[in-house]
Every structure is written in structure tokens, then in C-alpha cells.
Amino acid sequence: MKSTFVFFLILMTYFLAAQKNTSPEIRIESWNALESKTLSSDFFSSFYFGEYIDSSSKWNEIEHLKEKNHIGFFSNHRIEVMLPSEKKHSLYFSGSHQSLLGAGFSKDLFQLVFTGNNSLIGQHVITNPATMNQYSFSTLSAGIAWQINDDMKIHAAAGPVVLYSFSRLDFSESDFFTSLSADSLSLNLDGHYMRAGGNTFIKGSGFGAELGIEGTNNNFEWRVTLSNIGQIWMNKRTIDSQHDTLLFFTGVEISDLSNFSAVIDEELDNFEESFSLKGDTANTSISLPMLITGECRAEFGKLRTDLNILYYNLPGFIPFVQIRPSWPLTEGIRISLPIKYGGYGSFNAGPGLEFKIFEKLSAQLDFPAALSVLNINRNLSYVVVGRITYKITEHASLL
Amino acid sequence: MAGLLASCAKDPSWDVDVRTPLFNTSLGVNDLIADSMLIENPDTSLTFVMDFDLFNITADTFVNMPDSLFYAHYVMPVGLTVPPGTLVLQKTESRYYNLGGALLTQMRIKSGTLNIRAYNYVGDAAYIEYSIDNSMLNGAPIVASGLIPSFPATGEYLETQLDVSGMYLDLTQSYMHCNSLKSTMKVFANPNATTDIVVNFNDSINILVEFKNIVIDYSRGYFGQHEINSISAESFPFIEDLGIDYLDMENIAMTLTMENHLGADATFTINELAGHGITDIALNSEWIGKAINLTRATENPVNSGNVTPSVFEMNFDASNVEAFFENLPDSISYDFSGTVNPLGNISTGNDFVYYGQGLRGKIHAEIPMNIAVQGLTLSDTIDYELNKSNNFITQSELFLDISNGFPLTASFKIFLTDEADNVIDSIIPDNNIPSGTVNAEGKVTAPSLTQMKITLNENQTTHLYACKKAIVVAKLNTGGISGQKVKFYPWYHLNVLATGLFNIFIE
Numbered sequence: 001m002k003s004t005f006v007f008f009l010i011l012m013t014y015f016l017a018a019q020k021n022t023s024p025e026i027r028i029e030s031w032n033a034l035e036s037k038t039l040s041s042d043f044f045s046s047f048y049f050g051e052y053i054d055s056s057s058k059w060n061e062i063e064h065l066k067e068k069n070h071i072g073f074f075s076n077h078r079i080e081v082m083l084p085s086e087k088k089h090s091l092y093f094s095g096s097h098q099s100l101l102g103a104g105f106s107k108d109l110f111q112l113v114f115t116g117n118n119s120l121i122g123q124h125v126i127t128n129p130a131t132m133n134q135y136s137f138s139t140l141s142a143g144i145a146w147q148i149n150d151d152m153k154i155h156a157a158a159g160p161v162v163l164y165s166f167s168r169l170d171f172s173e174s175d176f177f178t179s180l181s182a183d184s185l186s187l188n189l190d191g192h193y194m195r196a197g198g199n200t201f202i203k204g205s206g207f208g209a210e211l212g213i214e215g216t217n218n219n220f221e222w223r224v225t226l227s228n229i230g231q232i233w234m235n236k237r238t239i240d241s242q243h244d245t246l247l248f249f250t251g252v253e254i255s256d257l258s259n260f261s262a263v264i265d266e267e268l269d270n271f272e273e274s275f276s277l278k279g280d281t282a283n284t285s286i287s288l289p290m291l292i293t294g295e296c297r298a299e300f301g302k303l304r305t306d307l308n309i310l311y312y313n314l315p316g317f318i319p320f321v322q323i324r325p326s327w328p329l330t331e332g333i334r335i336s337l338p339i340k341y342g343g344y345g346s347f348n349a350g351p352g353l354e355f356k357i358f359e360k361l362s363a364q365l366d367f368p369a370a371l372s373v374l375n376i377n378r379n380l381s382y383v384v385v386g387r388i389t390y391k392i393t394e395h396a397s398l399l
Numbered sequence: 001m002a003g004l005l006a007s008c009a010k011d012p013s014w015d016v017d018v019r020t021p022l023f024n025t026s027l028g029v030n031d032l033i034a035d036s037m038l039i040e041n042p043d044t045s046l047t048f049v050m051d052f053d054l055f056n057i058t059a060d061t062f063v064n065m066p067d068s069l070f071y072a073h074y075v076m077p078v079g080l081t082v083p084p085g086t087l088v089l090q091k092t093e094s095r096y097y098n099l100g101g102a103l104l105t106q107m108r109i110k111s112g113t114l115n116i117r118a119y120n121y122v123g124d125a126a127y128i129e130y131s132i133d134n135s136m137l138n139g140a141p142i143v144a145s146g147l148i149p150s151f152p153a154t155g156e157y158l159e160t161q162l163d164v165s166g167m168y169l170d171l172t173q174s175y176m177h178c179n180s181l182k183s184t185m186k187v188f189a190n191p192n193a194t195t196d197i198v199v200n201f202n203d204s205i206n207i208l209v210e211f212k213n214i215v216i217d218y219s220r221g222y223f224g225q226h227e228i229n230s231i232s233a234e235s236f237p238f239i240e241d242l243g244i245d246y247l248d249m250e251n252i253a254m255t256l257t258m259e260n261h262l263g264a265d266a267t268f269t270i271n272e273l274a275g276h277g278i279t280d281i282a283l284n285s286e287w288i289g290k291a292i293n294l295t296r297a298t299e300n301p302v303n304s305g306n307v308t309p310s311v312f313e314m315n316f317d318a319s320n321v322e323a324f325f326e327n328l329p330d331s332i333s334y335d336f337s338g339t340v341n342p343l344g345n346i347s348t349g350n351d352f353v354y355y356g357q358g359l360r361g362k363i364h365a366e367i368p369m370n371i372a373v374q375g376l377t378l379s380d381t382i383d384y385e386l387n388k389s390n391n392f393i394t395q396s397e398l399f400l401d402i403s404n405g406f407p408l409t410a411s412f413k414i415f416l417t418d419e420a421d422n423v424i425d426s427i428i429p430d431n432n433i434p435s436g437t438v439n440a441e442g443k444v445t446a447p448s449l450t451q452m453k454i455t456l457n458e459n460q461t462t463h464l465y466a467c468k469k470a471i472v473v474a475k476l477n478t479g480g481i482s483g484q485k486v487k488f489y490p491w492y493h494l495n496v497l498a499t500g501l502f503n504i505f506i507e
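As they're listed, the protein sequences go chains A and B.
No gaps in the numbering here: position 374 of the first sequence is 374 in the numbering used here, and each next residue is one more.
No gaps in the numbering here: position 385 of the second sequence is 385 in the numbering used here, and each next residue is one more.
If we strip away everything but chain A, and leave its shape as in the complex, we get:
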């Protein structure tokens, strides 16, 4: 379905270009990042690739965790087509496929999950944060671009959105306590859980809109886009569950030993029932995670500096900022040193490359994660940014 969607966009682009018999401005971008400010690459690697996580790894990880931690992944594949026009307005199309996953967890929660409660006896395990947000959706928008003057253009577009998967969990108000003599366990489970349900591939649909503005100022180019403004209605099998439960377990009070098994069964049933996240199902709507992107470019002789900012309105996500100084090696190849901070991760840097495929068509590939790959930085950080641009406009200044 996703590949069909992308294929449709590309077909549409060429179709439009053929119709107008002129060359549109086409931009294909792909932003991909898997990061955490506190979780290490080694730990994540062990976790992700299904290895055994030994005790020293766990405790080493706990030592480096902060009270509040986040890990997340985002992948945004986007295509924009801006048709040329002799008038001030022109047609504008865009499409995207976005996958997002962000999880927040406290140090105590991590310790509880990976080492058990034995090391937390007598301590209140505060679970703030205990969140997870996960989206997978595609957008398709159509609108107009308006040339305000020679240096500034705005665009607005709207269109359908389809949702493939969604889940949201927030149990940040919960806590867990094991008494000093371990004669009681208490779990205050307070939170909200929502998940798109059903067996269908598309779990919901809605609309999305975007607004953008771009311009030039001498040798300074800039662009700001506000997208994912919209709402999605999920199907009636969507699970929407609110929990506010206090589980207090003191073992089994044995008054009649012959009934021991039945008592234990009853306790376990109560326990499982309390943990069950299968709440009521109903038609539910959610807002799209708003996305703000900005970029600007300045050139100082051969040195060109690109600044990219990307922000998803998600818990734990801070603006992803990338500065990318680049220098031409040859006429068709430019090397860069992308340096990033934000998103779900922290500071990182690595190599980048820009090259011309043919006239007016260029590609860019940045990999600002070398510090993690080379183990200079222990934190989990894998970032790949790719971009293909087909430009004919006046301010087309690549390379």
C-alpha cells in the first residue's frame, strides 16, 4: 500500500510535468532517525537484535540513565511538486509517509523492568514518564503556491490522510512499591491507553493540511513549513482504555489450605484483569502529530551552510537541529559535515555528500551519526537524511 502510494505520487508528478510541457520543481526528502539521549547504542543493539542482556549491561545502562529518558524513531518520506506558472499562483502537490515512535520512561521504571523489584525494595518506583506514541500514516495534499513578490512564496495544501497504525500509552501517574520486608506489593496503575484496532490494513482516515513559506534574501535562502495539521477518525474497533487501579498484593491469606489453589487462581485472575488494557472500543479521533520544518541556506564563497530544523509535537521530542557546512570537491560533488542536536537524541556529527546526478537533478545524503558508530558517543543515535531535488527555479543554487 505504501509503495503504491509513493508510486502514484511519482506518476502524478510526471503526468503533470508532461501536461504543462514545462519542468516542475520536485523535491523528495527522507528523514530517518533512531535516537536516545541516554540509552546506549550497545544496549539498544542487544535489545533490538535479540541478544541476551547480561547483568553488567543492565546496571551500566542504569548508571547512565537520567530520571527521565526517551527513545524514539521517526521516518518521514516526503515528496513535493510545485508546478511552474507564468502567473503568480501555481499548483502545489505533496505526499508523505511518516512512521513515528516515541517512548518515555523513568530510570526506576527501566530498573524495574530489566532487573526486577528485588533491587527496589523499600523504594517508590515513580514511572513518570511512562509513555509511548506510535503513528504510521500517509498524507496526500494538493493546493496552490502564491508568489508574493520576487523573493517570497507561500503555499497551502490539504488532502486525505490514511492511518496504518496508531497507539498511545501514558501511565506516567503510576507508581510501584515493594515493602521493606517484601510482604506487600502495590501498584498504582493510573493512565490511558489507546490503540487503533481491527484487522484491516487501514485503521483510520481523515484529512491533513500544510502551510509553507519560503524566500531568498541576497545569498540567504529560507523555508518554513507547517504540516500534519489535521484529524484522523479511527474505526470502531479502536481500543480506548482509561485505568485508575490500585493493586495491593500481600500474598494469599491462608485460612483453609485445602483451598490454596483456588485462592491463588482468584488472585491471578484479579491481577490479570487489572492489567488488561483491552478497554472499551469505539470510534475515536486523534490529531495528527504536528510537524514544523525549517531550513535556510547561506553561502560564503565556496563554503555553504545549511540549517535544518524539524519538530514533531510529541512528548520528549525536542527540535531536531542540523547545521551542515559543505565544501565543493569538484563541480558535481560537495562534501559536508552535518552536525545535529535534538529530536530524541543529543549532539552528533558525521559525514555528508552531495552530488549532481545530471543537469538540475541532485542528491544529498547525510549521516550525522559517526560519533555513535565510532563509539565516541555512547548514546544511541542513528540518523540518515536523504534528499533528491529537481529544480529549475531562479533560486536553484545547488552546487
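No lab work stands behind these hints: they were computed from the structure.
Since no wrong hints were added, every one of them can be taken at face value.
Computed footprint of chain B on chain A; a stretch qualifies when at least three of its residues, placed anywhere within it, have a C-beta under 8 Å from a C-beta of chain B:
no., segment
1, 48 to 54
2, 112 to 120
3, 177 to 185
The beta-carbon is built from N, C-alpha and C at its ideal position, and this holds for glycine as well.
Could you slot chain B onto chain A? The hints should help.
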């Protein structure tokens, strides 16, 4: 985190140490011995009270009813033709029954039936009525009736029964004025016939009337003189249930009470009373081998059921009763002989008995809980089923936090068995649980606090999952000097808190 886990290409694995409470319990003296068997002494210490029915010889041993009441074979001496419903034959008789020396004048039936089986060799059906004229049920003599089909014509016969529960019998209808029933049998020509019925010469009818499953509710008369000999052994579970290996006690009070619920005099002799445990110990007492007279029970007013038994109590305090119980008997045997109405019919036919009553022997013992004990066993079998999940427990530790407020030391064992009760594994901690701190008066002044740690290896943990039953055995011994006696008080408790530390492999 769960979402991340779900999104992973392959499941990671790690192990966690989970500490969780398992169970807690508080055992007092009343968990060892039922409340109904404990009394509190003036000093608030406890006494163990046992009441045990040694024997109960009921009246049906020497008072009963004959089964067969009436049998008749009627043969027609002449041939005749009679209209339908004509009374062909009527016979009334009073019959005396030999009841083995008993001369009964009254009887009430608690339950039973009157059964009639009749064969009719006449060419047509006949109708019979059988009544016991000296009976009374619901205000009238009982009458059993039925249509006897012609056996030559149909191959069938009459079989019917009448419930006689509650029937009263006046057994004085014969010239003997006892043990007799007066009955009337009537035979009618088939009342349903449409034409006259031909009865041929030598046609016959056979009729058998019987009592079945008769239970006597009450009887009166002279029961006769009966010799009774009873030798038997009865299970004595009180001490066996405690599982004691050794018991040292003192000041035991024991009585054997004989109750005569019969309205007849009796004499009896206890030839032997012995307990069987570690060894066989017979009670030595002045009462053993001594002939004892029991007067008859009284009923006031007559036929009211308000019976006052005569009671004779034998005190065994001066006997070897301590050794008798310290032998930890699991059964008690007795050899008892006696005579009912040893002086004959001195009541002039006014002996009586009600259902279920007779001669009863009861043991009552009071054992002050001032004892030295070894191996007082608390044992129970716990059925359990641990469901295996994806999380495999590799090893585990059990922690027992024990507050022992008893003046007893204790040792624990846990046996794991399969469904067929085969012991697969055992968990035996090294440490014993010390008794509570005991003062000079033998009272516990402070409970002992013990934490026991039992490590289960992977093999034992596997068995813990595979097995279906856990037999927990705790043996308690009085602490301090060997043989030191201690008193038990109601507030003594053994509190056990079990927590587990499980190393769980998560995948």
C-alpha cells in the same frame, strides 16, 4: 517499552529478580485442635478435651419384628358361579410370634413396607383386601388391597406394597396378650367383570404377606433376658491427627460413662480397655473386670419419648491413663459383656426402647496443655498449578519470615509430588525455628523471629513447576530441657510470612 519490544526483529532476553509475597498464615492452638475441643483454665492456659463414643449397643440387637406375617393357600372345595364383586372368602386370625424371649405389647414402626404377593388360579381375576386389625395408621387400621389377575389366563400375579411408616401396633390381640397380630383377609370375585364368574372345584389362591425393611421406632413389653458380648476396636484419631512422636503429660482426667437408654435393667463388665499406639497398653483400673449394675431408663410420661437414661460414670484418674495417652493411641479396643434384664421380667412387661437407643459407652478425657511434646506435626497438602509462561524461571529463593510465639521449636520440610502422589523433590531448610522466649513460669514472653532462606536450584524450580502438590510438614517440639513441660495459651501463634525471590528469564 512494550511497543519497542513488539517492533523488534527478534525478541531480546534478560533475567530479572522478582521479589513477591507468596502467602502468610497465623497458626494458633485452635488451628491444631478445634475450638470445640479446647477449654480455658482459670490461669487462661488451655485444656484439650476429647469426647469419644466408644460403643453404642442399640435395641435392635434384641428387639425385632418377624418378616413373614401371613401365608395362605385357599382351595375351593366346590364349584360355584358368583356375581362380580361377591365376597367369596373372609378369614380373620390372631397369630402369636416368637420373638426370642421378648414379650412385646406395643410397637411403633419408624419405616418399612407391607408387601403382598398373590397368585390366582381361578379362571378370572379376584380382588383381595388384607388388613391388620390391631394396627393404627392415620386413625384407621391399615388395609392393603389389589386385583389378582388370573394366572392361568394371563401368566401374571399381584405384587404390591404399602408404606407402613408411623404404624402403631397393639400386640396384645392373642390369648398370650403379646407378640401377636390380628389380621383379616377378604377375597372378592372380580368386581370389574361384566358377567357372573365361574369358580371351579379345586381352584386356588396363594397369598403371602410380609414386612420389609422394618425399623422400629418404639417398642414396649418385656425384652427378655439377653447376654451381650461385644469385642471391637475403634479408631481413635485425636492424637494421630497431631502426628506426635513423643508426648509427656500429666494431670489427665478421664471418665468412662455408661448410659442406659433402655427401659430395662442391665449389668455389664468391662473386661478390657486398651489403647494401641507405640505399643499396646491396657488401662489398669478398679473398674476393669468389675460387674456393674445399671438401672433402667425412665420415661415420663409413658409413651412421651421423654426418656431419662440411667448414667454410671467410672473415673480413671487413678489409673495408668497418662501412660495410656502417652502411648499415642490411634485405636482403642474394648471387651465388654453384659446382661439385659438380669433379674427377669421385674417390670411386668413395661420395658421400653426408642429408635437408636440402647447402651452407650463414652470416654471423656481432659488433658491440660501442660505437656512436653516432640514431633507435633502440622501437615497439609496444597494442590497447586503453576502455569508455564514464556518467562521461564531459572532459579528461585523462598524466604520464610517466622514469628514463633509457641514454646516449641520447629522444623520444616516441603515435599513436591506429582498427580499420582509420587514425591518428586523435597525442599528441606537447614535451620530449625527456635521456640519463643519462655520465662520461669513456662510462658512465652517474646516470640522468636527467624528468617529462613531456601534456595531452589534450576532443577528444583523445574520440579516446582512440574509438580501438582506440595506437602508442607512442620514438626514442633517443646524447647528447653528435654521433657520440659510447657503450657499452651490462646494467644500463642506461629506467624509465617513466605516471600519468594524468583530469577525470571524473560524472552
